[in-house]
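Novice: Between the sequences and the hints, there should be enough to build the whole structure, so can you do that?
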Amino acid sequence: MTGGPFGDFSSPEAYRREAERAAIIGMVGKWAIHPLQVAIAQEGFSPQQSRVDEARAMRAAFHEALEQGLGAVRYKGQLVDIASLRHIDNIIRRLTIGGFPRLCRWHSGAVLSPHVRATLERGS
1 MTGGPFGDFS SPEAYRREAE RAAIIGMVGK WAIHPLQVAI AQEGFSPQQS
51 RVDEARAMRA AFHEALEQGL GAVRYKGQLV DIASLRHIDN IIRRLTIGGF
101 PRLCRWHSGA VLSPHVRATL ERGS
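Mind the numbering: the sequence shown is residues 1 to 124 in full-length UniProt numbering, read in order.
What the hints contain is simulated information worked out from the structure, not anything from laboratory work.
From a predicted model like this one, the values you see are computed outputs, not experimental measurements.
Dumping the calculated SDA-like pairs for lysine to any residue here, alpha-carbon to alpha-carbon at most 25 Å:
{"hint": "1", "residue 1": "K76", "residue 2": "A57"}
{"hint": "2", "residue 1": "K76", "residue 2": "N90"}
{"hint": "3", "residue 1": "K76", "residue 2": "I91"}
{"hint": "4", "residue 1": "K76", "residue 2": "R59"}
{"hint": "5", "residue 1": "K76", "residue 2": "A61"}
{"hint": "6", "residue 1": "K76", "residue 2": "G26"}
Specialist: Set out below in structure tokens:
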């Protein structure tokens, strides 16, 4: 699911807060109705490589625990169990699925006004 549109494109910080809330509740992206919102959405829904590396290590620790007959493990002070595995896998998937972090880019075939297209092309 994706977070819906946010009409006040003159307030990037309010849009950023909305994107953060959407990510917290499990959304995988947020609509961007204005070119200025695109970079914020990409930033908000693209996990940092360090976070993905941490998630992979947590996943490995959990599977090691399973091989030892345990149902959970403590990793750097955090409980890792089957319930947390879905969240961990989502973090990994967001970076590794075919360009997922960039799904919020404007579609190259989209019908855009000349002003919007020029704004996107110059990245501002």
